[in-house]
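Undergrad: Note that the protein sequences, when read in sequence, are chains A and B.
Those letters in the first sequence? Residues 1 to 114, by our numbering.
Those letters in the second sequence? Residues 1001 to 1899, by our numbering.
Derived from the structure by calculation, the hints contain no laboratory data.
Treat the numbers as computed from the prediction; the structure is a model and nothing was measured.
Ideal Cβ positions, reconstructed from N, Cα and C, are used throughout, including at glycine.
Fair warning: there could be bad hints in the mix.
Stated by the list, open to error - Cross-link-like lysine-lysine pairs, in silico, DSS-like; alpha carbons within 30 Å at most:
| id | chain 1 | residue 1 | chain 2 | residue 2 |
| --- | --- | --- | --- | --- |
| 1 | B | K1178 | B | K1220 |
| 2 | B | K1073 | B | K1419 |
| 3 | B | K1826 | B | K1805 |
| 4 | A | K82 | B | K1075 |
| 5 | A | K75 | B | K1075 |
| 6 | A | K4 | B | K1805 |
| 7 | A | K75 | B | K1108 |
| 8 | B | K1055 | A | K23 |
| 9 | B | K1280 | A | K31 |
| 10 | B | K1612 | B | K1108 |
| 11 | B | K1055 | A | K12 |
| 12 | B | K1826 | A | K84 |
| 13 | B | K1100 | B | K1178 |
| 14 | B | K1073 | A | K12 |
| 15 | A | K73 | A | K31 |
| 16 | B | K1804 | B | K1674 |
To be verified - If you want the footprint, here are the derived chain A segments under chain B, 3+ residues with CB under 8 Å:
| id | segment |
| --- | --- |
| 17 | 4-10 |
| 18 | 78-92 |
| 19 | 96-106 |
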Amino acid sequence: MAYKTLVAASTKPLVLSILSHGKSYGYQIIKNVEQLSNGELEWTDAMLYPVLHRMEKDGLIASEWIVLDNGRKRKYYTITAKGKEERDTSKAQWNNVNTAFNRLWGANLTLDLG
Amino acid sequence: MKNFDLQQHIRQWANQLRTEQGFEPGDIEELEANLWDRIDALMEEGQDAKSAFEKATEKTLSSTRELANEFYKAKAVNPNVKPPWERSTSFITKLPAHFKVAIRHMKKRKSYVIMNILGLAMSISFSLLIWMYVETESGYDQHYENAGRIYRVIFDVKHDGIHVPQADIGQPVGPTMKSDFPEVIEKTRLRRIGATNTFAKGDIVIESTDFFVTDPDFFKVFSAEVLFGDKETALTAPNTVVLTESLAMQLFGRTDVVGETLIYSGVRPPMDMKVKAVIKDLGKKTHLPMRALISYSTYFDQRELINWLRKSYTYVLLNEQNEVETLRSKLPDFSDKYLAEVLRQRISPTATVKLHLQPLTEIYLADEFLGEPYPHGSRENLEILSTIMIFLLVMACINYVNLSTATAVERASEVGIRKTLGSSRGNLIFKFLSESIFLALIAGMVAMLISIVLLPYFSEITGLEKSVLDLFSGTNLIIVLLLSLTMGLLAGLYPSLYITRFQPLMALKPGGVGVGKRGWLRKGLIVIQYAIAGSLMIWIFVIGQQINFVKERDVGFDKSNLLELTLPEDQAALQSAAAFLSELNELPQVKGVTKANFDLASGYGVGSHLMKSPKGEQVNANLAAISVGYGFVEALGAQFVVGRDFNENRPSEKGVLINQSAMDQYGWSDNPLKAKYLSRDRQGEVTGEWDVIGVVSDFKPGESYDMVSPLIIFLDARTTPGMRVLVNVDLQNPATFAPELGKLWERHFPDNIFEFQVLEDRLNRLYAKEETFQQLLTVLNLITVMITILGVVGLISFTTEVRKKEIAIRKISGARVETIMTLLSKQFLTLLVIAFAIAGPIGYYLSSNWLSNFSIHAKFTMLPVGFTFLICLLFTIMAISYHALRAANANPVKALRYE
């Protein structure tokens, strides 16, 4: 299990990034994240759905109900233009963090510790 | 294995979510869709429906509540605030919400709320003022260290049918008690000297009536903080004095004045006094507010100190065990041993004497005995005020109950909805209680404002010396707070129990709750209010009657024609007094002029005089004695029943006058002029016989409600400084004679300012106490009437509301406005009549109780009851006519529109 605050911080960028690949729904998103993280990130419904609603309220994503062939309904989410902007911003931030870590943990690094 | 109904389980699961608050439409459907996805996925993996469902739900839900909370947070404006269902449910946290609802309700019903708040506020305000008064008047003398063990010895003498308890007692009583009884460990004696005394230091002269002579043991009984000097020796030597701090500051401007001298003058010629000590002021709350203590030896020599008839205020301090009962049981033997014989010899052979011990702390509110140094407070007034205070509080509570149960119908739907939404009755009771408490708290604040406005008037009426700042003392604020809370609680209890009783279904149906259509409780309460207000009003009316009665009563002398002058204080000016008086007597408007040391505005004490009846028997007669100048009877406008006045041309004549009461009481009417007065010397030996030369018709000085006492009148032709001169002026308005009188005065006493008084004005001032009491009662009664009227207004507006449709139908069927008015007013008039059936007897009881304080008083008639009834009737009609008229004139269509 990943650290709680890390999960909280990463949820929004993850959702936005997944939705950049096309529209999706709650359970699918949970599954995607699970696969992408090799099972390390296991999101609960209680965590994801409120976040989805919050993001929708903030205008980052939009939703629509779609009736399936078996008659059941499912709520699909798509990313909005504002969501894309948000995604790009957070992508840059996470990349910065990522680069920093990669360098730190790289093979031959000499740090000037004064 | 039974078939697992997946659909049904999922439905159940979704329903469980629906019991939670915090989900919005669509949320649960989405979660349901999500569950289906999970189950589908699990079943694809080969699981059966049941285990798939269990596994899927296990994943979804930690708990439904947590899920709901997360959803709430996602939508909340401020995600850090707890969702409402997670907040504390304790009543304190709910209060603001309840208050908010209360304010909303108040806004809708402004007039009710104002009536309620005013009712509560007025009663709280008056209770506060009365409390301040009671507090000021009680708890006297408790600041002395051994207050509980200090007693004053009272002298209770009975002789010849008179009973005169006296505040002071023979000089040797204190010391003898101390030496005879082990229970008495200390004693002290005090006397007040003369009328006005002065202390002078240089140019500063302080005149006061509050200087006392006391023996050296004063400080052994009364704890007083000595600032300078030694209290052991302070009062031993003659011509020494102990000053209070404030007096020392006034005289010297400082307090370390031990050893200084000042000049003292009073009943004796001016003398030097040495200051031996300075003590802290004895405080306002003492029945002996002394400002200076003069040593006993300055005034009394040894001979006087062993005289059992020379009086002093005597206080004893009892031992640690405070064995007052033991001491009391020994007192009869004590008075037999020391006092009985002396009194039989010197006062009357029939004299009996008792000694009483009066606890120090009770003196101030006790009855006044003869010779009290200062007037006392009135326990009776305190009791009456406290009773009225409780009445007021009860009435305000009744008012609240009345008004809030009357508006209960309006709250019925609120109760219905709240109950439907799951409020318990307990919750609702609490909600309504907090509303009434909220209202009472506002009333408390309003009460403080009202008190600020009323304090000056109240102080004027009661003599309470308090400023607005005193009003805001901590204790007072706490009292108001507690009073508000208690009233809110008491007043709100019944209405909240009543309102919350409604069944939700009935409450929500229009017209479902015919709350209190009969309303016996409300009517009963109104009757109580009317009865309280009515009986007080009857009493006030009777007081007014009595005051008029005593003012207009024939007192046997021309009180309205008498002008009163005071002769100058200096001897030199007095030389022209005789000329002034004779010139005055010659003016045509003047019927008579006389001098007297005696004041017609005060009563006189009773003494014992040895007389000889016309038949020659010796009689110990109880007669009041006064000394007057020539022409007294004529100047007064009294008549001679037989005989004549003192003769100015025969100054050596030995004669006395008696009044008619004296003649009648001793049965001398056959031949009164043969009665004699026997003069005695200090040892009680008869020294001479004086003729009764005239019998005067009865006249009553002082309060006119006392019986005329038998009287003996001596001649005192001397002219002394400051003597009174009475001028009987034969004019409708004697005051118009003043300019002429003034001119004459100017001529004879050019250095003295001319001042005069009409005797009647001064006599009327004797009833100030009664008038004050009447004023106070009137104010309080006004409040009770107002509260009652508020209640009536509440009830009428409720009645018209409830009977709106009935009135409309009656109007459609042709009823006239008057008919409807009568219909609505009738019940109130019935209530008023019932109330007066109660108020009449209570008012009678209160009034006759009060009247019994006066030996002569007006008769109790039905007039006050009738008059009071009319006033209440008038008020009631005024109160109900607005609402009744509005209801009677309302358009019936409006009332019936919803049928």
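Undergrad: None of the hints should be skipped; say for each whether it holds.
TA: Structure-based check of each hint:
| no. | hint | verdict |
| --- | --- | --- |
| 1 | B:K1178 to B:K1220 | holds (13 Å) |
| 2 | B:K1073 to B:K1419 | holds (28 Å) |
| 3 | B:K1826 to B:K1805 | holds (18 Å) |
| 4 | A:K82 to B:K1075 | holds (19 Å) |
| 5 | A:K75 to B:K1075 | holds (18 Å) |
| 6 | A:K4 to B:K1805 | violated (67 Å) |
| 7 | A:K75 to B:K1108 | violated (46 Å) |
| 8 | B:K1055 to A:K23 | holds (27 Å) |
| 9 | B:K1280 to A:K31 | violated (92 Å) |
| 10 | B:K1612 to B:K1108 | violated (87 Å) |
| 11 | B:K1055 to A:K12 | holds (27 Å) |
| 12 | B:K1826 to A:K84 | violated (80 Å) |
| 13 | B:K1100 to B:K1178 | violated (70 Å) |
| 14 | B:K1073 to A:K12 | holds (16 Å) |
| 15 | A:K73 to A:K31 | holds (19 Å) |
| 16 | B:K1804 to B:K1674 | violated (88 Å) |
| 17 | 4-10 | violated (count 0) |
| 18 | 78-92 | violated (count 0) |
| 19 | 96-106 | violated (count 0) |
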